[in-house]
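Enquirer: Quick mapping for you: the protein sequence lines, in order, are chains R and G.
The working numbering applies: residue 1 is where the first sequence begins, and numbers increase by one.
The working numbering applies: residue 1 is where the second sequence begins, and numbers increase by one.
Honestly, I wouldn't trust all of these hints.
Below are the DSSO-like pairs computed for lysine-lysine, each with C-alpha atoms no more than 27 Å apart in a straight line [said to hold, decoys possible]: (1) G:LYS3 / G:LYS117; (2) R:LYS16 / G:LYS83; (3) G:LYS79 / R:LYS116.
Covered stretches of chain R (chain G as the covering partner; in silico rule of three or more C-beta atoms under 8 Å from a C-beta of chain G) [to be verified]: (4) 52–65; (5) 79–87; (6) 102–113; (7) 116–129.
Hints in this document: simulated from the structure, not taken from any laboratory.
Using N, Cα and C, we set each Cβ at its ideal position, and we do this for glycine too.
Now for the letters of each chain:
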Amino acid sequence: MATEVSDQAKVALLEKFGNAWNDHDIDVLMDCMADECEFFGSTGPHVNGSQFLGREKVREGYQWFLDNFPDGQWNDPQHFVNGDRGVSEWRFTATMPDGTSIEANGCDMFTFRDGKISVKDSYRKNRTTS
Amino acid sequence: MTKNNTEQKNIAALKAFGLAGDRYDIDAMMALMTEDCVFNSSFGPEAHGTRYQGLDQMREALQWFLEDRSSDSKWTNPKHFVKGDRGVAEWGFTGTDADGSSVEVHGCDVIKFRDGKIALKDSYRKNRTTH
Numbered sequence: 001m002a003t004e005v006s007d008q009a010k011v012a013l014l015e016k017f018g019n020a021w022n023d024h025d026i027d028v029l030m031d032c033m034a035d036e037c038e039f040f041g042s043t044g045p046h047v048n049g050s051q052f053l054g055r056e057k058v059r060e061g062y063q064w065f066l067d068n069f070p071d072g073q074w075n076d077p078q079h080f081v082n083g084d085r086g087v088s089e090w091r092f093t094a095t096m097p098d099g100t101s102i103e104a105n106g107c108d109m110f111t112f113r114d115g116k117i118s119v120k121d122s123y124r125k126n127r128t129t130s
Numbered sequence: 001m002t003k004n005n006t007e008q009k010n011i012a013a014l015k016a017f018g019l020a021g022d023r024y025d026i027d028a029m030m031a032l033m034t035e036d037c038v039f040n041s042s043f044g045p046e047a048h049g050t051r052y053q054g055l056d057q058m059r060e061a062l063q064w065f066l067e068d069r070s071s072d073s074k075w076t077n078p079k080h081f082v083k084g085d086r087g088v089a090e091w092g093f094t095g096t097d098a099d100g101s102s103v104e105v106h107g108c109d110v111i112k113f114r115d116g117k118i119a120l121k122d123s124y125r126k127n128r129t130t131h
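Construct all of the structure, not just a fragment, from the sequences and the given hints.
Expert: Next comes the structure, spelled out in structure tokens:
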């Protein structure tokens, strides 16, 4: 049965989720996710970037990020929620696998179900060098 | 103004902005933005993308995006939600890129409203890799 969860509680969930990214804590990340969940990464071959469908794939996708950006931080987060939709905005900083550093703004478009995250749809600014 | 009235006014402005974009109606889009509006585009040399500030730069940016760059840009299946003075438009984009190649990607605008108008439009697009 669906439970009524306040917007305020969902903002708290997004704060917990954002902290877990900065702590690189995969178990806390997955604790924020609904049993049936999807993650669409900002970069990939699909119209919606990369696709990770189902809890196991989402976990693999998150772990890939944590492994590839061991010092990755999502800075200065801002969140807002209305009903079953929410947003986190952040400034991503990390050392890339090739040793160069990246700093780019980004955001997550969330969908909630029963007080957990059922969809994380991510975007990052496409930072050009010129 | 009550909170609900604010949100209704804001979402109406966001939807009207999208419809004006579909018509390439730059005047109608400009009428929905504050005088000190800021537009951060989805790409550029800075962390927040290329920044256009104020109505003059905004008009130049919209003319470039809508008229100079691509004559076939379309935003499909828009979805909107608003919370207070924050909001989002999500859309599919189809059009022609600067290099002449056709492009189809999802994107979104993250918005700050003031007085029922758009004060900040922060745009994002998926970085679609070749497949």
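Enquirer: All hints are to be evaluated individually against the structure, with a verdict given for each.
Expert: Cross-check of the supplied hints:
1. G:LYS3 / G:LYS117: With a Cα-Cα distance of about 15 Å, the restraint between LYS3 (chain G) and LYS117 (chain G) holds, given a limit of 27 Å.
2. R:LYS16 / G:LYS83: holds (20 Å)
3. G:LYS79 / R:LYS116: holds (21 Å)
4. 52–65: violated (count 0)
5. 79–87: holds (count 6)
6. 102–113: Check passed, 6 qualifying residues.
7. 116–129: This one holds; 8 residues, not fewer than the three required, reach chain G with a Cβ under 8 Å.
Checked against the numbered hints given earlier, the structure breaks only hint 4 and satisfies all the rest.
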